[in-house]
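Undergrad: Knowing the structure of chain X, use the given hints to seat chain U on it.
Note that the protein sequences, when read in sequence, are chains X and U. Per the numbering used here, the first sequence runs over residues 351 to 591. Per the numbering used here, the second sequence runs over residues 8 to 265.
Since the hints were derived computationally from the structure, they do not count as laboratory data. Treat the hints with care, since some could be wrong.
Unchecked claim - Simulated pairs of lysine-lysine, DSS-like, Cα-Cα distance not exceeding 27 Å: (1) X:Lys520 with U:Lys22; (2) X:Lys573 with X:Lys553; (3) X:Lys520 with U:Lys14; (4) U:Lys94 with X:Lys520; (5) X:Lys573 with X:Lys409; (6) U:Lys94 with X:Lys409; (7) U:Lys22 with X:Lys491; (8) X:Lys512 with X:Lys491.
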Amino acid sequence: MSILVKDKEVVVPGEALADDLGFIPGYGTYRFNNKLLASRLGLVNIEGKVIKTIPLAGKYLPKRNDVVIGRVIDILISGWRCDINSPYTAVLSSKETPEFIEKNDDLSRYFDLDDYVVAKITNVTSQNLIDLTVRDQGLRKLRGGRIISVNTHKVPRIIGKKGSMVTMIKQATNCRIIVGQNGWIYVDGEPQNENIAVLAINKIASESHLSGLTERIKEFLEKETGVKINLEDKGDYNGLQ
Amino acid sequence: MDFETKKHIIECLEKDVRYDGRKKDEYREIEFKIGLIETAEGSAYVKCGNTEVIAGVKISVEKPFPDTPEDGILMVGAELLPLSNPKYESGPPDSVAIEVARVIDRGIRESKSIDTKSLCIVKGEKVWSISVDISPINDDGNLIDIGSMAAVAAILNAKFPKYENDKVDYKAKTDSLLPFNKIPVAATVLKLGNNFIIDPTELEQEAADSRLTVTITEDNKLCAIQKGGDGTLSIEDIDKMMSMAIGKSHEIRKHIKQ
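Just chain X, with the same shape it has in the complex (with noise of 0.2 Å):
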């Protein structure tokens, strides 16, 4: 068995990574002949037999089970079509809501056109039709606040470890923020506070590849808030709020 490239290396689409069978091709990665290609631009991940890309760009490409941030773009006969920041786009059925909708209900009387809704991917198919749904805790229609887009990739590094991050910016700056897997935030609180969150969360999507990334976060924060934060104090994340 040998691997052609280092961990944590930046490779381009067509590079090889492996050339043996032993290896087991991962995310952005395909096999041909006997060897390991990359299909993506992105940092190579090995992980005991697995080896796949981490992309540094790109479009989100949805996955089931993701909590994503979508708006409503058209009202379909039995439920919405969103855009989810991605090349295509969900649906959600009006069998998805949380309330039982009468056959012949006006649909956007429950969601209406440019409305942003965090909502869960059910199901991709192989012909990416995506399914949604806002039958969860926490899943919900956003009112007020504002919503801002980065890319898709960074999205780990905002949530953090268990939610550390999200949690850390939301203690400091007592907002409600929202991360869709998708790329778009949700943030909601007090005008000034609300300024400060967007660019400490710009900030991470920025400096994301740096070390010490949480220490300098923190640093921002309490600098631009005056709120001394606790690290240690991680509250309750579920992936959500």
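TA: Chain U in isolation, oriented as in the chain X frame:
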């Protein structure tokens, strides 16, 4: 623009906070680069926040319009390129592009800062024609003001090409500048709810009820005015917006002069 987003922008403005942390009457950082395009007689690039605009000046010899045989020709055009913002499409200019071009054109023309009589070569036969083209490279709002800055800076930078034996030699530039004496500055004030703001971003521009563009020359002379948007303005509103615009125009003029 959806209702919730607009409501939230206005709520923030009531508390004197804008999304990018600026004050209501604060401009984004302005950067000028002059004379970038060698094939044009004059050019300027202006960057204001994320909005970037390039303006170029072409000077040619044309037949004058029959009703003004002694006057040179001044034309300002703007094309909103699809590369600057996904909302624009290629093809003939739409109403937004026409409005941007016309408001800037009116500001420069009515300021009488170009003495069109001095552009005459042979009466009724040949005059200099100055055409200014404005292309936004990136549109993040406030195209009228920034386009106007770029247009004026490009005109100030423009030099006549060599003219001999009825022929224009574009390769040889002379040192003579255009006869441009007063600097007109366009300043746009937006009304959102009961708030007045200057230098809007694209988001603020979409949320605005109405807008007033005022063009002022150096000696505080008003030379053009344009109202846009669906909302109405009372006389007090206009007074407030005008004084805001006039105050800001001096600041912008300092930038252009540099």
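Undergrad: Going straight from one Cα to the other, do U:Lys94 and X:Lys409 come out at no more than 27 Å?
TA: holds (19 Å)
Undergrad: Hey, X:Lys512 versus X:Lys491, does the alpha-carbon distance stay inside 27 Å?
TA: holds (24 Å)
Undergrad: Holds or violated: U:Lys22 with X:Lys491, Cα cutoff 27 Å?
TA: Within the cut-off at roughly 25 Å; holds.
Undergrad: Do the alpha carbons of U:Lys94 and X:Lys520 lie within 27 Å of each other, as the hint requires?
TA: Outside the cut-off at roughly 34 Å; violated.
Undergrad: Regarding the pair X:Lys520 and U:Lys14, is the alpha-carbon distance no greater than 27 Å?
TA: holds (23 Å)
Undergrad: Hey, X:Lys520 versus U:Lys22, does the alpha-carbon distance stay inside 27 Å?
TA: Given that 27 Å is the threshold and the Cα spacing comes to 21 Å, the pair holds.
Undergrad: Quick one, are X:Lys573 and X:Lys409 close enough, alpha carbons at most 27 Å?
TA: Given pair X:Lys573, X:Lys409 is violated - Cα atoms ~33 Å apart, limit 27 Å.
Undergrad: Given the hint that X:Lys573 pairs with X:Lys553, does the C-alpha gap stay at or below 27 Å?
TA: Measuring from Cα to Cα gives roughly 14 Å; hence the hint holds.
Violated hints, listed in ascending order, are 4, 5; each of the other numbered hints is respected by the structure.
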